[in-house]
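Residue numbers (this note's numbering), protein chains in the order written: chain A, 3 to 294; chain B, 9 to 385.
Derived by calculation from the structure, the hints in this document are not laboratory data. Since we're looking at a predicted model, the values are computed, not measured. Glycine residues also receive a C-beta, built at the ideal position from the N, C-alpha and C atoms. Be a bit skeptical, because a hint or two may be false.
[As the list claims (entries may be wrong)] Computed cross-link-like contacts, SDA-like style, restricted to lysine to any residue with a CA-CA straight-line distance of at most 20 Å:
(1) A:K231 / A:L174
(2) B:K215 / A:P245
(3) A:K247 / B:P227
(4) B:K254 / A:T262
(5) A:K231 / A:Q197
[Unchecked claim] Residues from chain B that keep clear of chain A, each with C-beta distances beyond 10 Å, as calculated:
(6) E73
(7) V171
(8) S194
(9) D219
(10) P283
(11) T352
(12) A381
[To be verified] Covered stretches of chain B (chain A as the covering partner; in silico rule of three or more C-beta atoms under 8 Å from a C-beta of chain A):
(13) 77-83
(14) 367-379
Below, each chain spelled out in residue letters.
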Amino acid sequence: MAIFCTRETKILIQGITGRDGSFHAKSMLGYGTNIVAGVTPGRGGQTFEGKVPVFDTVKDAVAATGAAASVIFVPPAGAAGAVFEAADAGCKLVVCITEGVPTLDMVKVMPYLAERGVRLVGPNCPGFINPGQSAKLGIMPTNIVAPGPVGLISRSGTLTYEVVDALTRAGLGQTTCLGIGGDPVIGTNFMDALQAFHADPETQALVMIGEIGGDAEERAADFVKANMKIPVVSFIAGRTAPPGKRMGHAGAIVSGGSGTAAEKKKALESAGIPVADRPADVVPLLQQIWKR
Amino acid sequence: MNIHEYQAKDIFRDAGLTVPPGGIATTVEEALSLARGHGLPVMVKSQVLAGGRGKAGGVKFCKTEDDVRTHAGNILGMDIKGHTVRKVLVTPAETIAAEFYLGMLVDRASRRVLLMASAEGGVEIEKVAVEKPEAILKHAIDPRFGLLDHEAMAVALRLDPDVKRARQLADAMQKLYKAFLAADASLAEINPFIFTDQGMGKAIDAKINLDDNALFRHPGYAALRDLDEENPSERLAREADLSFVKLDGNVGCLVNGAGLAMATMDLVQYYGGRPANFLDIGGSSNPDKVVNALRIILGDPNVEVILFNIFGGITRCDDVARGIIAATERMEIKVPIVVRLTGTNEAEARELLAKTDLVGAATMDEAVQKALALAGK
């Protein structure tokens, strides 16, 4: 069934008339995603691409269409505000694509979401795609995915596409490909995503793509070891990253000697999760341990 | 963005923390005149964006004017972990009856600002964290209510049972939180927070790292950036809005996406080579951006080959190929260039590249191997 949403989930897009928002909204629509509304303050009453009604506020959009999920393409200064608005309007799933959101804005958002039972994916993420449900909430390329039994969680964007592409070429389709984002404070972390995949009967194997910084991979390793029976393989980017330098993603930094690729690899392997040396080894490694 | 101790102290003062006065000197004479102004004894403290200044001999106690001359003279121009000392902070030396560590950072796991406090002040906190983790008290601050009085006091009393001092510690923690929020910090530390012989609490050192993503709402902080501390190529990259980190190898890497860029560096090393840099060029196929990126990478004389690794995804590969070709035509490039493009319209992209001197590759492994074979030829 995939995680987080189905083909029936009604989705709205905040920032649908912006440069990035409109570009990706078209791609999402083209994939068959159930987009029922767009929101841009001041553009209420317009129609996007001749079929999607645009509203001034998320509240209006939810009242008129029953949308339950929102995808946010709003510039960094207003991104946290957009998340608050979506949660306040009753959206239970919010995907924030925006890159460059101040970290303390996200710290402030979190308890508000927790009180309302809202799941946030991102910010600074490619979102996710559920190929078997024709649902794309974000910016992942649709031509490299295929429906199938493999779940994928990643902190990265293009590196994820690299591995998804390899999976699809090997005939291994996906339930959900999820990019959780590269920021230090994110709504759905590795652990949350693992729990969701664990509860999904259709996901029969899992790929985790991590990177340096923090200890989310280590925590994920513990969860997998304690709970999961399906095969899990991993790749960690950043073995050659020097300490103390932010490698693009705000969260990708080895600080005080912790968060290194070597530590993560060790934790994953001691939990029985093989770690590929190269992105190209991920699929062969999965095929090797997956007894079907 | 990291800032100097004296700059962090200004932010602390604005938040109401007690910080000893101090002045910045770039010459021995300036240091002397500051010392006379404060009255001896003073501390002369190197201002560089590196840890372990004390251990490196960059922080000295000066009892006499001769001491100031000697120590300021030694410290100015000193190299600390690759950073040249260009200025020193001259500040009155305090008597220290007790010292503590107070720090805050954004904690990924709790998604909150985490207060860390320890009675093991004045030493490297990373070391304490490894050797004596129980000596660091932690409290995750609820962003809705901030650091409440009783929460701060509970931590403070565990650091120091003396109520008078505990009250000062708790007050300092709350003001540190205020400074943290006001500055949009990612890290703020007072190490040490001391009590003088008279029982007066003071922050005698200060460290703040600022959240780059929040700099847009602090226009004044642009002036805090120390251009001398920045590697010239990293400065160019920042100005060109490219995410770049210089390394010491010979394979220049241009990649779209941070994760893929790291994975590309790792792959260069996997095949026995050494990456010259990390560079995320983003999703753009704009030739100007490619030109900027190439300039920055070619500014490094160690670079012997350039490796483009682009996973097209939504970006069209033929667009990217045109951008790369246009960029390379606009500048003189003496090193070979290997280009790996995969994704939408990759066949068209490969056709375009076939008409040039650029070396094409279908996979990232092939591209890295080709680049290593060409390096140094």
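Results for each hint:
Our distance criterion of 20 Å between C-alpha atoms is met by K231 (chain A) and L174 (chain A), whose separation comes to about 19 Å. Under the criterion of a C-alpha separation no larger than 20 Å, the hint pairing K215 (chain B) with P245 (chain A) is consistent with the structure, at around 18 Å. In summary, the hint linking K247 (chain A) to P227 (chain B) is not supported, as the alpha carbons are separated by about 23 Å, beyond the 20 Å threshold. This hinted pair checks out: K254 (chain B) and T262 (chain A) have alpha carbons roughly 18 Å apart, not beyond 20 Å.
For a cut-off of 20 Å, the pair hint linking K231 (chain A) to Q197 (chain A) stands: about 13 Å separates their Cα positions. Here E73 (chain B) stays apart from chain A, with its beta-carbon at least about 37 Å from theirs, past the 10 Å limit. In this structure V171 (chain B) is separated from chain A by more than 10 Å, as the shortest Cβ-Cβ distance comes to about 32 Å. Not every CB of chain A lies more than 10 Å from the CB of S194 (chain B), the least distance being 6 Å, so the non-interface label is violated.
For D219 (chain B), the condition that its CB be more than 10 Å from all CB atoms of chain A is violated, with the nearest at approximately 5 Å. Under the 10 Å C-beta cut-off, the non-interface status given to P283 (chain B) relative to chain A is violated; the minimum distance is some 6 Å. A beta-carbon of chain A is positioned within 10 Å of the beta-carbon of T352 (chain B); the least distance is around 7 Å. The claim that A381 (chain B) lies off the interface holds: its Cβ sits roughly 18 Å from the closest Cβ of chain A, which is beyond the 10 Å cut-off.
For the stretch 77-83 of chain B, the stated coverage by chain A is violated: 0 residues have a C-beta nearer than 8 Å to a C-beta of that chain, whereas at least 3 were required. Under the rule that three or more residues need a Cβ within less than 8 Å of chain A, the assignment of the stretch 367-379 of chain B holds, with 3 such residues.
Violated hints for the displayed structure, listed by number in ascending order: 3, 8, 9, 10, 11 and 13.
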